[in-house]
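Visitor: Here is what each chain is made of, one letter per residue.
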Amino acid sequence: MQQQQFGKRPWSFYFLATFFTLFVLFLYGPMFAIYVLSFQGPSGGLTFPMNGFSFDWFVALFGQQRTGDIRGSFGRSISLALMVLALTVIISVMAGVAFRRRFVGSTFVFYMAIASLIMPGLLISLGAPIMFQKLLGMNTNWYTTALGAQLTWTLPFGLLIMFAVFNRFNRAYEEAAYDLSATTRQTYQYVVLPILLPGIIGVALFGFTLSYDEFPRTLYTVGPRNTLPLEIWNMTTNVTSPALYALGTVTTAVSFVVITLALGSIALIQRRRLKHNLDGESAGASQIALAEADR
Amino acid sequence: MAQRGTINLVSVTKRFGETVAVDNINLTLPGGAYCCLLGPSGCGKTTILRMIAGHETPTEGQVFIDNENVTGLPPVRRGTAMMFQNYALFPHLTCLDNVAFNLKMTGVPKPQRRTRARDMLARVQMEAFSERMPAQLSGGQQQRIALARSLITNPRVLLLDEPLSALDEFLRLQMRGELRRMQRELGITFVHVTHTQPEAIALADMVVVMDQGHIEQAASARTVYAEPHTAYVARFMGGQNVLFGRVGHVAAGTVALDLEGGGRAEFQIDKAPAVGSLIYISIRRDRIHLAKPSHNEEKNSANTVAGKVRAIEYQGSWVKLTLEGVSPDDFVLNLPDSEFFAHPVKTGDVVNARWAPESVHILTGGAGQGDRPYAKGQN
Chain A
0 MQQQQFGKRP WSFYFLATFF TLFVLFLYGP MFAIYVLSFQ GPSGGLTFPM NGFSFDWFVA
60 LFGQQRTGDI RGSFGRSISL ALMVLALTVI ISVMAGVAFR RRFVGSTFVF YMAIASLIMP
120 GLLISLGAPI MFQKLLGMNT NWYTTALGAQ LTWTLPFGLL IMFAVFNRFN RAYEEAAYDL
180 SATTRQTYQY VVLPILLPGI IGVALFGFTL SYDEFPRTLY TVGPRNTLPL EIWNMTTNVT
240 SPALYALGTV TTAVSFVVIT LALGSIALIQ RRRLKHNLDG ESAGASQIAL AEADR
Chain B
0 MAQRGTINLV SVTKRFGETV AVDNINLTLP GGAYCCLLGP SGCGKTTILR MIAGHETPTE
60 GQVFIDNENV TGLPPVRRGT AMMFQNYALF PHLTCLDNVA FNLKMTGVPK PQRRTRARDM
120 LARVQMEAFS ERMPAQLSGG QQQRIALARS LITNPRVLLL DEPLSALDEF LRLQMRGELR
180 RMQRELGITF VHVTHTQPEA IALADMVVVM DQGHIEQAAS ARTVYAEPHT AYVARFMGGQ
240 NVLFGRVGHV AAGTVALDLE GGGRAEFQID KAPAVGSLIY ISIRRDRIHL AKPSHNEEKN
300 SANTVAGKVR AIEYQGSWVK LTLEGVSPDD FVLNLPDSEF FAHPVKTGDV VNARWAPESV
360 HILTGGAGQG DRPYAKGQN
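Heads up: the protein sequence lines correspond to chains A and B, in order. Take the first sequence: its position 241, counting from 1, is numbered 240 in numbering that gives the first Met the number 0, and each next residue is one higher. Take the second sequence: its position 116, counting from 1, is numbered 115 in numbering that gives the first Met the number 0, and each next residue is one higher.
Don't take each hint at face value.
As the list claims (entries may be wrong) - Chain B regions said to be covered by chain A (calculated; three or more residues, Cβ under 8 Å): (1) 64 to 76; (2) 81 to 87; (3) 102 to 116; (4) 356 to 363.
FYI, nobody ran anything at the bench for these hints, they're computed from the structure. A quick note: this is a predicted structure, and the numbers were derived from the prediction, not measured. Where is the CB? At the ideal position from N, CA and C, for every residue including glycine.
One chain only, chain B, in its complex shape (with noise of 0.2 Å):
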C-alpha cells in the first residue's frame, strides 16, 4: 500500500479553448514525498496543480489520490490544500480570523476555532501577530500565515504555487528551509510549482522536468540534475554543456562521436547504435579541465574541443569560463579557482578543454519533447 496522499495523473490533458496546456501526462507523485513540478512559465506545471487542487477540470483523463478518483470534485472533497502564488491571504480579516476561517465555513464553534487557529499560527511562530491584518505583514510573514490557513484544513496534500516568488533574494533561502522542515514533520505530500532550478533541487525528494505541456523527466534531484534524460532537461537544469553529433566509427564498446562544431568524443557504451545516428551527450561544467598550452599535439585527440575565450566570471571557489565556437550552445568551465589561476587565460585566447571520456553523460531521450532545440538552459 502506498503512503497516504499518493497522486495519480492518467492521460491527462488539458485544453484552453485551442490552446493545449497539458497534453496526456502520466505521473505518479509518491506519497509523503516533497515533489517540485518544474518548466519556464507557460510549461503547464501551474495548470497540473490546479487539476489536482480541482481549480481546474481535466479536459481528458483522471486524477486520483490515494486511488481514488477525483476527477471534477470540489476541493473541499480532496484532502488538498492549496496555497496560491501572493498567497491570497484575505485582506480584510486578521491573521487569526485568515487561519480560523476554513473552521468557520465548516461550522466549528467560535472558542475552538480560535484555540485551534492559535495553535496553528504558534506552530508557524507567528503567534505574536494573531491581530495583524495581512497588509502589514512582510513577504515572509504572509507566506507563513498563508501556511497555516492551508494546513488548519489538515490536507492530505498541499499545493504549493511558486511559493517563494514573491520573496526577496535571502527570504527566499530561508522559506525554503522552512517549507521542507515543515513538510518532514508533517510527513504530508508537498507539490511545489517553480521556475526556479536550485529552489527544486534544493527541495525536493522528486523533480518533474516539463516543458509545452510534456514530462521531459520525473526523477530524484540528483538523477535530473546529473544524469539528464534529454538534452532539453540538460539545458534547463543547467550545470551541463550540451553537445550531439552523428557516430563515426563504433569499436569495441567505444563509441566516436563527430561533434557539431568540430571535436570528436570517445565513450563507452552499452549499446552500440548504427554509424551515422544521432546522438545527444552531455558533460558537466565541473568535469571539463583545459589543456596545457604547451600540449598542442592533444588538439586533434578525442574528447578535446576548441574555443575562444568569450567570458570569464570569478565565482569565488571558481571560475566560470565561457567558451564560443565550440557548439550551437555556448560551452561553459567551472575551473577550481585554483587550476584557473595556476594558468591563467584572457578573453579573446583560444584554448582548448577536454574531458574523461567517463565524463560523457548520453542523453538517452535525444533532444527532447519540445520542438526547440536551442533553447537556452539557466546559467
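Pulled out of the complex, with its shape left as it was, chain A reads as follows (with noise of 0.2 Å):
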C-alpha cells in the first residue's frame, strides 16, 4: 500500500498515537516495575531505587514458610487450570458440535449458558459453597467446587470460540469424507477435528488462563487450601518484602510458557499444512517446472 508521502498528518493520528501510548505504559509499566523490583539487592525495599542487584527473593519464595505456601499453591494452581482445561476442551467442543444442529429449545440454552459470563463472579463463588455444604453436605476443596465454579467461567468462552470456529469451518470437508466412505465418527476423527485442531488449542489455552489467574470465583468455593491467585492476596496483606514481586514474575513467566506453547503449536500445525516436505524440495525445480506449465 503506499504511505501518504506530503502533507500534515491529520490530528487524529495524533490523538490515536497519545492514545496508545498510554494504554502501553499502563499495561506494561505496572508490570516492567515488578519484574525489575523483583531483582531487588537482599538489603532493599519495595520500591525504586534498586539497591543492588540478586536473586535472593526468588529463592526465599520456595525455601521458606515465612511468605506463604507458595510451592502447594503453585501445585494446586497448576493441577487446578489442567484439569479445568480439560474438560473445558471436551465440554466446548461436544457442546459445540450439538449446537450444529438447530435442536428444540438451542437458543434458551445457548443464552443460560452465556449469562454466567455477565453474573458477578462473587455471588457465584458465595452461594456455591452454601449449596455443597447444605444440599449435598459436601465440603469446600479446590478440586470440587472451585473446579465447579471456575467452571461457569471457563466454558462459556470455550462455547463462544467454538462457534466461531466451527462457523468458520467449510461442510463441504464434511461432505467429501461421507463421499468418500467415511462414517460419522470417521469424519470426525480424521476430518472435522484435525481441521479444527488451531481452534480447539484456543479454547485449551483460554481455559487454563482463565483458571490459573481467576479470583473472585475461587475466593470462598476454594476451601482450606489455596490456589496461587488467593495466596498472592493473602502475602500482600502480610508480606511486605520484594519476594511478592518475584512470585509476580515467576507466575507471569509461567503464562509466558504457557501461551508460547499454545500460539506455537498452532503454529506449527499451520506450517505443516503448507511445508515443503523434504521430498518436495530436493524436487523443486522440476515442480516449479511444472507448475509453470501447468498457467
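Mind docking these for me? Both chains are given alone in their own frames, and the hints should help you get the complex.
Guide: Quick look at the structure:
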C-alpha cells in the first residue's frame, strides 16, 4: 500500500498515537516495575531505587514458609488449571458439535450458558459453598467446588470460541469425507477435529489461563487450601518484602510459557499444512517447471 | 440393457422450506455419457447433482442408478463419487493421503493403499506432488488431486459441481480438455454442473438446460444449440436472436408472422397454425446479413427487419453488430469480417437485416416454462 508521503498528518493521528502510548504504558509499565523490583538486592525495599541486584527473593519464595505456601498453591493452581483445561475442551467441543444442529430449545440453552459471563463471579463464589454444604453435604475444596465455579467461567468462553470455529468450518469437508465412505465417527476423527485443532488449542489456552489467574469465583469455593492468586492476595496483607514481586515474575513467566506453547503449536500445525516436505524440496526445481507448464 | 451408470430421476421434487428448488423432474442420463446440467444460479442444477450423490434426499420422487432405487441410500452405497466446488481437499493431509482417504476409511492396509494412491496420482500426472499439502498447489493441480481422490473409489458415476469455476480462463480450457479425455478413458458417466454455456456444449454428449427448477431441454449439445426448444433455451445458449409475433396468414405450407417490434417473417411450416396464434422463432446470429443500402425496396419485404446500429464489436474473424428497435431483445448479427468491411456501417446508422426463410427455427416450446419471457441470454 502506498504511504502518504506529503502533507501534515491529520489530528486524529496524534490523538490515537497518544491514546495507544497511554495504553501501552498502563499495560506494561506496572508489570515492568514489578519484574525489575523482583531482582532487588538483599537489603532493598518494596520501591525504587534498586539497592543492588540479587536472586535472593526468588530463593526466599521457594525456600521458606514465612512467605506462605507458594510451592503448594502453585502446584494446586497448575493442577486445577489442567483439569479446567481438559474439561473445558471436552465439553466445549461437544457442545459446539451439538449446536451445529438447531435443536429444540437451543437458543434458550445458549443464553443460559452465556448468562454466566455477566453474572458477578463473587455471587457464584458465595453461593456455591452454601449449595454444596447444605444441599449435597460436601465440603468446599479446590478440586471440587472451585473446579465447578471456574468452569462456569471458562465454559461460556469455550463455547463461544467453538461457535466461531465451527462457523468458519466448511461443511464441504464433511460431505467429501462421507462421499469417500467415512462413517460419522471417522469423519470427526480424521477430518473435522484435525482441521479444527488450532481452534481447539485456543479453547485449551483460554481454559488454562482463565483458571490459572481466576480470583472472584475461587475466593469462597477453594476450601482450606489456596490457589496461587489467593495465596498472593494473602501475602499482600502480611508479606512486605520483594518476594511478592518475585512471585509476580514467576507467575508471569508460567503464563508466558503456556501461551508460547499454545501459539507455537498452532503455528506448527499451520506450517505443517504449508511445509515443503524434504521430498518436495529436492524436487523443487522440477516442480516449479511443472507448475509453470500448468499455467 | 443400458450401459453401466445410467441415472433415472422419476418425478423428483425438492423443497427447502417454502422454496421449490427442483419441481417434479423426470430425467434420464445415459450411462457412459458426459452430461452437463446447465442453467443460471439457483435453477436447481446443483440440487439435482446433490440428490444423485446422496447429499440431499428428494422431498418427492425417486432416483435410480442402473435401475436400482438409491433414494435415501448414503453416498457410499450408490457407486457415485462427487468432486466438490473448490474441491474440498483436506487441508491437513498430503496429496497422497487425500487420494488414499477412501481406502483408509474402508480399511485397506497401508502399503496397498499407498501403492494404489500413487498409481492414481500418476494417472492424473501428479505423482511428483504426492507429499505436498493442498495449499501448496495451483488451482489446476488441486483439481487433479480432487479428481484422483474421487476416482479411487472406482465409481460408476462421477458428479462434478462447477469443477472449472475456480480456475482462470486459460487453465479452464486446459482442464476442460483433461476432464473430457478422462471421461473417455474411464467410460463412466460424468455429470457436470455448470452455468457456462460454451463449457457445456464443448464437453457434453448431453446438455440439460434448466431454469427455475424445470428442465427446459435435454438433448445433444448440437441440438440444444442449433434447435432450441424454447425461447429461454435459445437466449440462454446464446448465438441466437429470438423473435415472436402473431400468425398473419397461412398459405401452402408457408406462414407469415407479424413480428413484435415490426417486420414480417415468412417461412415453411409442417403443421399450419391458426391465424392469430403466438409463435416464437429463433434465427442464428451468423445466418443474418445486412441488406445492401441500394436495395431499399427490400425494406418492406419478408424476412427483413430495420434497426439502428447500437454497437459494433470487432471479433477477429467476424464482426458483432448489435441493432436496437428490432425486437424487445437486442438483435445481434455476426457478420464475417470480409462482408462487414466490404460495406462498413457506423454506430447510429439505420440498416436492414435479412435472413433466408430456411434459417428460421420455430421454438415449438414457446417462451419456456420459466416466467421471464424477456430474460436475456449470455452474449
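Visitor: Are the hints correct? Go through all of them and say.
Guide: Comparing the hints with the structure gives:
1. Figure legend: the segment 64 to 76 of chain B, annotated as covered by chain A; annotation consistent (3 residues with Cβ-Cβ distances under 8 Å, at least 3 required).
2. Requiring three or more residues with a Cβ within less than 8 Å of a Cβ of chain A, the coverage given for the segment 81 to 87 of chain B holds, as 5 such residues are present.
3. Residues of the segment 102 to 116 of chain B with a Cβ under 8 Å from some Cβ of chain A number 3, which satisfies the need for three, so the listed coverage holds.
4. Chain A is given as covering the segment 356 to 363 of chain B, and this is violated because 0 residues of the stretch bring a CB closer than 8 Å to a CB of that chain, at least three being needed.
The structure does not agree with numbered hint 4 stated previously, though it agrees with all others.
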